[in-house]
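Enquirer: Please put together the full structure from these sequences, using the hints given.
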Amino acid sequence: MQMTQGFALTTPLFYVNALPHIGSAYPTLAADAVARYHRLRGRSVRFVTGTDEYGLKIERQAAERNLTPREHCNEIAAGFEKLWQALSIDYDRFIRTTDPRHAAIVREFFERCWQTGDIYKGRYTGLYCVDCEEFKKKPDEDYFVENGEPRCKIHLKPLREQDEENYIFALSRYQQKLEQYFDEHPEFVQPDFRAHEVRNFIAGGLEDFSISRANVSWGLPIPVDPSQTIYVWFNALLGYVTALLEPDDEPTLENALARWWPIDLHIVGKDILRFHAVYWPAMLMSAGLPLPGMIFGHGFLTRDGRKMGKALGNVIDPGTLVEQYGSDAVRYYFLKAIEFGRDNDFNETRFREILNADLANDLGNLLNRTGNMVVKYCGGVVPSVAIDPTDTLRDKATGLAQVCAEHWEALRFSEASELALALVRAGNRYLDARAPWSLYKKGEQAQVEQVLYAVLESVRIAAVLLSPLIPGLAAEIYRQLGFSIQAWEDRSWDDALWGGLPGGQPLCLGSPLFPRLE
RNA sequence: GGCACAGUAGCUCAGCGGUAGAGCUAGCGGUUCAUACCCGCUCGGUCGCGUGUUCAAAUCACGCCUGUGCCA
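Residues in the first sequence are numbered consecutively from 15, following this note's numbering.
Hints listed in this document are in silico derivations from the structure and should not be mistaken for laboratory results.
Hints should not be assumed to be uniformly reliable.
Claimed, not checked - In silico DSSO-like cross-links for lysine-lysine, where the CA-CA straight-line distance does not exceed 27 Å:
| hint | residue 1 | residue 2 |
| --- | --- | --- |
| 1 | K71 | K171 |
| 2 | K96 | K135 |
| 3 | K455 | K390 |
| 4 | K321 | K150 |
| 5 | K150 | K171 |
| 6 | K71 | K284 |
| 7 | K71 | K321 |
| 8 | K390 | K456 |
| 9 | K150 | K71 |
| 10 | K150 | K135 |
| 11 | K390 | K96 |
| 12 | K284 | K171 |
| 13 | K321 | K171 |
| 14 | K284 | K191 |
| 15 | K150 | K284 |
| 16 | K71 | K96 |
| 17 | K71 | K135 |
| 18 | K135 | K191 |
Stated by the list, open to error - Taking CB as the label site, the calculated pair distances span:
| hint | residue 1 | residue 2 | range |
| --- | --- | --- | --- |
| 19 | S186 | A371 | 52 to 62 Å |
| 20 | N229 | L531 | 46 to 56 Å |
| 21 | T316 | A92 | 27 to 37 Å |
| 22 | P276 | G524 | 39 to 49 Å |
| 23 | G140 | S186 | 12 to 22 Å |
| 24 | L81 | H210 | 56 to 66 Å |
| 25 | E362 | G93 | 19 to 29 Å |
| 26 | R57 | L531 | 29 to 39 Å |
Quick caveat: nothing in here was measured; it's all calculated off a predicted structure.
We put the beta carbon where it would ideally sit given N, CA and C, even for glycine.
Expert: Next comes the structure, spelled out in structure tokens:
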């Protein structure tokens, strides 16, 4: 990944046709974890999320609900922000494409492409699906005919004849440049099997695409022709740029691009990968701007092995999960128990099993049992001892941060956190092997203190390493270990090195970290 | 139809040329500091199927089957 002066990353800007669901929560959780990891590394981070709000579909939806488009958007956008808060998603910018400043950015960007000569006026004739906001060209593939009426294959709704002049972006001009870029930047699109798909798509030939619509009033006007508005994608992608403006900046491209461009990482669903990996880079090339560092296309989730859908009534509602299990539990499952990138399944039994095994039995119980012994055997105060570098547990913890960081850099959340869990499991084994409760009875106070310190220190290190995933639980571990809130907030990745737990510090034990789910 | 990816213990997955591994689950035992927890042991797989290459294949090649994705 490229480094700018910091690290900028984005989630998709979610379309406000529905309240947030797991499909929007999942990439946002991932982005939040990445953002937290980079902050922990001491880098300044700009974490962008938001909503895409223009388009005919939204205009209609609002009308159906007897709302103005803006009222409708306000409501849905608020729903996103509320869920993000519930999931402990700590974003820096929530950009809405209806932000007045966005209009200025889009105008300026359009004009750049216009001057390059990559935008021309052409005629688009064909069947149009309002719900897809797309022309449907291929029978059988895109649409089917029922009672003489063509219907969208995705939405099953009737298509309408559309014959209008549109502004068109000359994507075809960028085929070669894109291919060259992919050659020179093998990590541009991840995972690599998706890069492969995108490359095949490009190799198959690129068609120019329409970037405007007539007769859609809920949108931004085309600068050179106010009778048309800018099409969803051309508009939405630029939200990433607008989001980079500082609150007091004049809304100009120059200001927006000054600090954070190019964005280091776009996390997107595989369904919109092509827009990000083909259209977006071409647009940026046209405007003469450098391209993002990486586009990561994650997989989809199924539920109990089946696709999720309203019709099946098996949709995962992240809001309900959070209410029932808490944000750390939800975060942990989706980022640890699931491999980022591939398609995966959600199954509530497995969900509960993993939370119990990892968070309650391994991590929570380790802190609890050790803390209890410190209270009983050491007056509730962290023993002031030094641990020999050859100690097995210390040895296990040494170098962990570095390996863990490599996984984080490559967005392997699951592997990164597995290392921390392995340390926790080692801590439990270590306790059993040393049996400080027996040592205490034998009066071996010095040894008791050595053992307990080593375990507490490992738990502390695990907390630091896991904090991008489970910020709440990690903070609670620090609190129970007797650290101040300030100490927690001031932590950095280097605190995952051995020896950060000060001897003499009184513990502050509370209720078990993560109660078992029965 | 073309191009990918996947198919390994009940579950989730690692291994990618040298006598099958981890975690979880289940069963048994131990322990008592602890959230009926932890620790140990055990159960459990002809590594999708077939053919080939090789002294040796889950691992390479070819073909096939199944699932998923991208494209037509």
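Enquirer: Look at each hint and say if it fits the structure.
Expert: Hints versus structure:
1. K71 <-> K171: holds (13 Å)
2. K96 <-> K135: violated (42 Å)
3. K455 <-> K390: holds (12 Å)
4. K321 <-> K150: With a Cα-Cα distance of about 24 Å, the restraint between K321 and K150 holds, given a limit of 27 Å.
5. K150 <-> K171: holds (12 Å)
6. K71 <-> K284: holds (22 Å)
7. K71 <-> K321: holds (24 Å)
8. K390 <-> K456: Since the Cα atoms of K390 and K456 sit roughly 15 Å apart, the hinted pair holds (cutoff 27 Å).
9. K150 <-> K71: Cα-Cα ~16 Å, so holds.
10. K150 <-> K135: holds (20 Å)
11. K390 <-> K96: violated (43 Å)
12. K284 <-> K171: holds (24 Å)
13. K321 <-> K171: Distance ~21 Å between K321 and K171 Cα, so the pair holds.
14. K284 <-> K191: Holds - the C-alpha atoms of K191 and K284 are around 23 Å apart, at most 27 Å.
15. K150 <-> K284: holds (21 Å)
16. K71 <-> K96: holds (23 Å)
17. K71 <-> K135: Status holds; Cα separation ~24 Å.
18. K135 <-> K191: holds (23 Å)
19. S186 <-> A371: 52 to 62 Å: Holds, since S186 and A371 (Cβ atoms, about 53 Å apart) stay within the stated range.
20. N229 <-> L531: 46 to 56 Å: holds (53 Å)
21. T316 <-> A92: 27 to 37 Å: holds (29 Å)
22. P276 <-> G524: 39 to 49 Å: holds (45 Å)
23. G140 <-> S186: 12 to 22 Å: The hinted range 12 to 22 Å holds for G140 and S186, with Cβ atoms some 18 Å apart.
24. L81 <-> H210: 56 to 66 Å: With Cβ atoms ~44 Å apart, the hint is violated.
25. E362 <-> G93: 19 to 29 Å: holds (24 Å)
26. R57 <-> L531: 29 to 39 Å: Given a distance of about 36 Å, which is inside 29 to 39 Å, the answer is holds.
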